[in-house]
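Residues per chain, in single letters:
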Amino acid sequence: MIPALCAIVPILGALLLLIPQCRGRASAAVLIGSSFVETVLAGTVAWSWTPGSSEYLLDRYFVVDASSVLFLGLISIVFFGITVYVCHRLSTRLMPGPIESFVARSLLFFATCVMAVLCNHLQAMWVFLELGTLAIAPLIFYARGTSALKASWKYLQFSVIGLGFNFVGLLCLARGMGGAHGEHELTFFLDGLQQIPTLGEPMWWKLGLTLMVFGLGTKLGLAPMYSWLPDAYDEAPPSIAAMLSAVQFNCVILALFRAVGLLRSFDPELISNELIAMGLLSISVAALHIIKSNNYKRLIAYASINHAGTIALGLGVGKNAAYGVVLYVVSNAFVKAVLFLTCGNITAHFGTNQISALRGMIRVMPFSALTFMLGIFALLGFAPFGSFLGEVIMLSNMVEGRYLAIFFFICIVLTVILVATGRSLFPMIWGEAPDETAQPHEPIWSNVSSLLFILILVSLGIYTPASVTNLMNEVAASLGGR
Amino acid sequence: MTNLFIAYVAAFFLPLLFHSWRVAVLGLGAQGLLLGLILAAHDQPMSPQLMFEYASLFLIRAVFIPWCLFRWMKGHELPPDFSLIAKNLIQWMIAFLLLVEAFVFGAEMSPGDPHEALQVGTAAGSVLIGMLVLANQTHPLGQIVGLFMVEGGFTLVELLSPHIMPFPVAIGTSLAVVIFVLTCGQYLRRLLAISGSVAEEKIVP
Chain A
1 MIPALCAIVP
11 ILGALLLLIP
21 QCRGRASAAV
31 LIGSSFVETV
41 LAGTVAWSWT
51 PGSSEYLLDR
61 YFVVDASSVL
71 FLGLISIVFF
81 GITVYVCHRL
91 STRLMPGPIE
101 SFVARSLLFF
111 ATCVMAVLCN
121 HLQAMWVFLE
131 LGTLAIAPLI
141 FYARGTSALK
151 ASWKYLQFSV
161 IGLGFNFVGL
171 LCLARGMGGA
181 HGEHELTFFL
191 DGLQQIPTLG
201 EPMWWKLGLT
211 LMVFGLGTKL
221 GLAPMYSWLP
231 DAYDEAPPSI
241 AAMLSAVQFN
251 CVILALFRAV
261 GLLRSFDPEL
271 ISNELIAMGL
281 LSISVAALHI
291 IKSNNYKRLI
301 AYASINHAGT
311 IALGLGVGKN
321 AAYGVVLYVV
331 SNAFVKAVLF
341 LTCGNITAHF
351 GTNQISALRG
361 MIRVMPFSAL
371 TFMLGIFALL
381 GFAPFGSFLG
391 EVIMLSNMVE
401 GRYLAIFFFI
411 CIVLTVILVA
421 TGRSLFPMIW
431 GEAPDETAQP
441 HEPIWSNVSS
451 LLFILILVSL
461 GIYTPASVTN
471 LMNEVAASLG
481 GR
Chain B
483 MTNLFIAYVA
493 AFFLPLLFHS
503 WRVAVLGLGA
513 QGLLLGLILA
523 AHDQPMSPQL
533 MFEYASLFLI
543 RAVFIPWCLF
553 RWMKGHELPP
563 DFSLIAKNLI
573 QWMIAFLLLV
583 EAFVFGAEMS
593 PGDPHEALQV
603 GTAAGSVLIG
613 MLVLANQTHP
623 LGQIVGLFMV
633 EGGFTLVELL
643 SPHIMPFPVA
653 IGTSLAVVIF
663 VLTCGQYLRR
673 LLAISGSVAE
683 EKIVP
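Sequences listed follow chains A and B, in order. Once you know that position 325 of the first sequence is 325 in the working numbering, the rest is easy, because the numbers rise by one and skip nothing. Just so we're on the same page, the working numbering is the position in the second sequence counted from 1, plus 482.
I should point out that these hints are in silico values taken from the structure, not numbers from a laboratory. What you are looking at is a predicted structure, and each value in this text was computed from that prediction instead of being measured.
To spell it out: a stretch of chain A is covered by chain B in this simulated footprint if at least three of its residues, at any positions, have a beta carbon under 8 Å from a beta carbon of chain B; those stretches are:
1) 111-125
2) 142-156
3) 200-209
Glycine included, every Cβ here is placed at the ideal spot set by N, Cα and C.
Chain B on its own, in the form it takes in the complex (with noise of 0.2 Å):
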């Protein structure tokens, strides 16, 4: 289980240190994939509930979401030196420093159970690292990106709980994610054609 922490933080920080949209958007299918597997760690006896729960963070956490985004972005390149946040020693600093302020926050929870103080330290993690990349970006697909960066933290504290949605609700709940997910293609669009028509404005004199 302590790899598959690992692994998650991995899935949210690297993608801050490479300047390629499709890194960071491969690195949100990971954290789905990785959601999906800290869950079957869990070791909970199958029902329906779970096997909804499973399907909503495999097919599409890990899969629907980095689909989506990439479709979307056919055709529209953006600029090469594209990164999640700003590339400078400080904005690192403060990256590392939100990530050690989570983890010391997840040992003042939990105190007793390291096992619940390593899952609510990488929750606080990705909810603070995804604050910091809505904070540093004007593009709409970074955006994006730090948005569902946080909601993998939610789902992470989701998991931490024992309590098992009930069905009608989990349906609710996936619901609204497949309908948000939709909902930003159709900002992403709008506002990608609004910046392409800006350029536009820039070269022509």
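This is chain A alone, in the form it adopts within the complex (with noise of 0.2 Å):
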């Protein structure tokens, strides 16, 4: 029950919104109070979970097992600390337009993203996805213009054509498995998919296989087809980069995670080179990319790409590095929602994404510059970071894999990763101010969200309780790590 109340308050919040009293600055109300209840339901969710437990809901379409605790959890948390951002926005008048369209989407959008999360059918979770999809992209250039209107067109022909791939996988997959001349009885469910004894047709499921990871690695940006990705998160408000790269980038992350943990039980070594070669690809062009980038949004965009080229070279080196992919995952969340969330606050107070007219933050925007700080160093992988602890696990276990030439290569291409950021986004903190006499100006209440994401990042790199620690092995082990 409670589950499904999860998938329930947002839809309710946005309906909320036809009531005329609930609109207007109403609406804020709405959507903080949806997502707080929402914040609660996970965590009740999780509280009440039997570790190692498969529940099922709804005629078997939704699940509560370890991998949609974790990630529920994970969504909830970051789209609460979003909504407190929006509400701060909204509360100062920093967001025009019809403020109820945007909460409406907003809601509806994270309503698809928790049934994708819950569910067990992998047809179902594709059409979650899409309605996703559909929900968010004209939020991308709300209240903007024409660039962000292009940038969010060529993510909705990006992503349709990535998930059109994925669906076509599944049902190449499903040929291969022997369905069309009627060995057994075909199912999409995940439970059920599990009790098959063999993927059958070698040609049809490793054409499935290529055309799944490809489409879902286009959802999360992964090289080749990432250009969607830096104009995407450009251009979209920074509460909608926020919940592009840190919610919907989750659930997709969690269908990839799903079908390789499938897949996998029947051949370990299924799709390692296809990941990793992804992976590398992604992070070599997100290097050169940030090399020469002088918008810092973009630059934390392109480091999306790194991220999602690390998560995959992670997935590809399999093992014992799965536990380090997950706390990776979970971490990058975090930093992905803290970058940019502070850089809606620096672009509202400076009225510019371009890193060469900044210097000096600290001094007019000290609680924002040490945010963006803290997010820096943890997307660069600093201790005492979760992120940091995940790269390290990730980078032993490609030593302990015998996979040296890709872990030189990965260590050389990090350290210009990091030369790069660095040289470009200190001076924007440290630098001097070309006004020297400004005095600082910004309330806390702006950087509430990221404080919270930045004690949790840093909680993930010290100090995990056990059962975090228990239900992240969990989702390790259901990708055949350990």
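Two chains, each in its own frame: build the complex with the hints.
Put into structure tokens, the structure is as follows:
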């Protein structure tokens, strides 16, 4: 019952906006209220879940297992933080345009994400990801100009094509499993697929697998289908960029986890090479773009491609790197939310995204500068953040698994990214301010969610409660790791 | 059945040779109609799911999509030389080679089943030609036509599977298609408005 409520609450929130009294400025209360209730419900689901169990709901279409509990909690916390930020923006009238449509679309988008996370049926999961894409795409150009509209249209095209390839991949996989000749009853229920004795005809399931990974890779912004990502993240309002990069990204990652976990039960080495190739290409492309970027929001968008590449690489290496991948994915959601929300504060104050136009931020916007700096440290994989630990686990497993050439390549590229990012962004924070007489002027309220996320990031790197560690271990085990 | 696949290939390939957006949109309607007929040729026992799938193909793909596109384009005259791919021999050769490659791929995937090979080849051809249109187009209408060509190919692969989608999933899929069409309309109107204002800016000194 409670997991079903998790999906219903945001939809009810969106429906509340049909009542005239809930429109206008009251819609901010609906948004934050819905996300708060959602977070409490997600916490209750996690609390009442028995480790190692899978509880099925609504004719087995939905499941509460380790993966859904972890990702439901993750996206609920991140979404709550984003809504706190949005409410601050609304209270300071920094957000123009019709608020109701923004709130309604955000809530419907989140409802589809919750359902995608809880879904036990691969085709139904596809439907929810598609509906989520359609709900959020128009928000990319919310109260923005022509370039945002074009970026949004590009996002929509790439997403629809990517998800379409994923859908066809599923059908090819089913065809390969022998369904076309009636050897056994076909199913797209995850638990049903785990019962199938063999993957069947190699030509079909290899094609299906390739299309699935290519399709989900497109949605994650992995090279070669990444060109929508920097445009969409750069042009979107900061809260929407955070929703795309920290909420939707994790729903797609879960879809990839489900597919990889399922297929690796047949062959542990399956799609390793494809994931490693896509990961290496993405990291290289991201590094080249980061070197020449003069726009801090775009730079973070390229760092997102780098993150997606690192995750793909970790999944490709497999085995014990799986725990590192899970930790990295969880940390990454908070890192991107911190950075995009802080970018929103910076752009609202200075009115530019250009790195060269900004100096000495720490004197004018001390809280935002601090969260931005800590976010950048986490982005670059510094201790004591969770992203550091995740990266170290993945790298050490590359050495253990004798992926030495990849290990050295990654070390070189990560060093290049570290130097390029530091050289570009740190003068923004510490450099000499053009106007030395400027007084610090910034309410801490605008950074509450970012500070909360940073605390969680530090906790992920230093100490996580045993229940959270066990949960992540269980998700890692489903990927074939320990 | 073979004739239906030949007709489907004609429905997505011939609009490339006509320089008219109306032919391109009518081609989409013809593809939807043929998808419905291909499903009917499978001779599956009648069930609510199958009825829903017929409705989805005949009403949404064959009627709703072209009707919406014609309606949205009302009052927006496209350049007279509008074409889905660039009008030159190289592009036409690329389109033809992609089609040949698609059928070779179909034969590779199903060596012992000519009927399935034809269906896979047709679907792959529709996806590849749709991608070629997307790669060529800068106009939003052309991009939408390209997207629906690719989607048509995906639907043809779906018809290949004897697995009938569970009813709730089929409803969800059709709902996603309808919302996608309406969202495309929202974008088309806005993007056409931008291109109109750009044209005006060029006219005004």
